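Per full-length UniProt numbering: the sequence shown = residues 1 to 51.
These are computed hints drawn from the structure, not numbers from a lab.
A quick note: this is a predicted structure, and the numbers were derived from the prediction, not measured.
Any given hint might turn out to be false.
With a straight-line cut-off of 20 Å between C-alpha atoms, the simulated EDC-like cross-links for lysine to aspartate or glutamate are [as the list claims (entries may be wrong)]:
1) 20 x 33
2) 20 x 5
3) 32 x 2
4) 21 x 33
5) 32 x 5
6) 32 x 13
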Amino acid sequence: MEGSEALQTGYGELPKGECKKHFWSIHSVSLKEAAQRADQPQGEVYEHSPA
Numbered sequence: 001m002e003g004s005e006a007l008q009t010g011y012g013e014l015p016k017g018e019c020k021k022h023f024w025s026i027h028s029v030s031l032k033e034a035a036q037r038a039d040q041p042q043g044e045v046y047e048h049s050p051a
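Please work from the sequences and hints to get the whole structure.
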């Protein structure tokens with residue numbers, strides 16, 4: 001599990017209430033950005049085999 005899937009699972013595991021709202025209001029932007037980076041393919045991508 002990586003990226004957005006991990007973020008959704010982690011968010012669901014946070015205890016409900018004001019702490020969850022406070023945590024999410026502070027960290028949601030950076031966590032979403034990290035999840036999007038994790039969802040992207042890693043390494044170099046070639047359209048064709050190098051000659």
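Now for the hints, and whether the structure bears them out:
1. 20 x 33: With a Cα-Cα distance of about 19 Å, the restraint between residue 20 and residue 33 holds, given a limit of 20 Å.
2. 20 x 5: holds (18 Å)
3. 32 x 2: Judged against 20 Å, a Cα distance of about 12 Å means the pair holds.
4. 21 x 33: holds (18 Å)
5. 32 x 5: Answer holds: residue 32 to residue 5 is near 11 Å, not above 20 Å.
6. 32 x 13: holds (16 Å)
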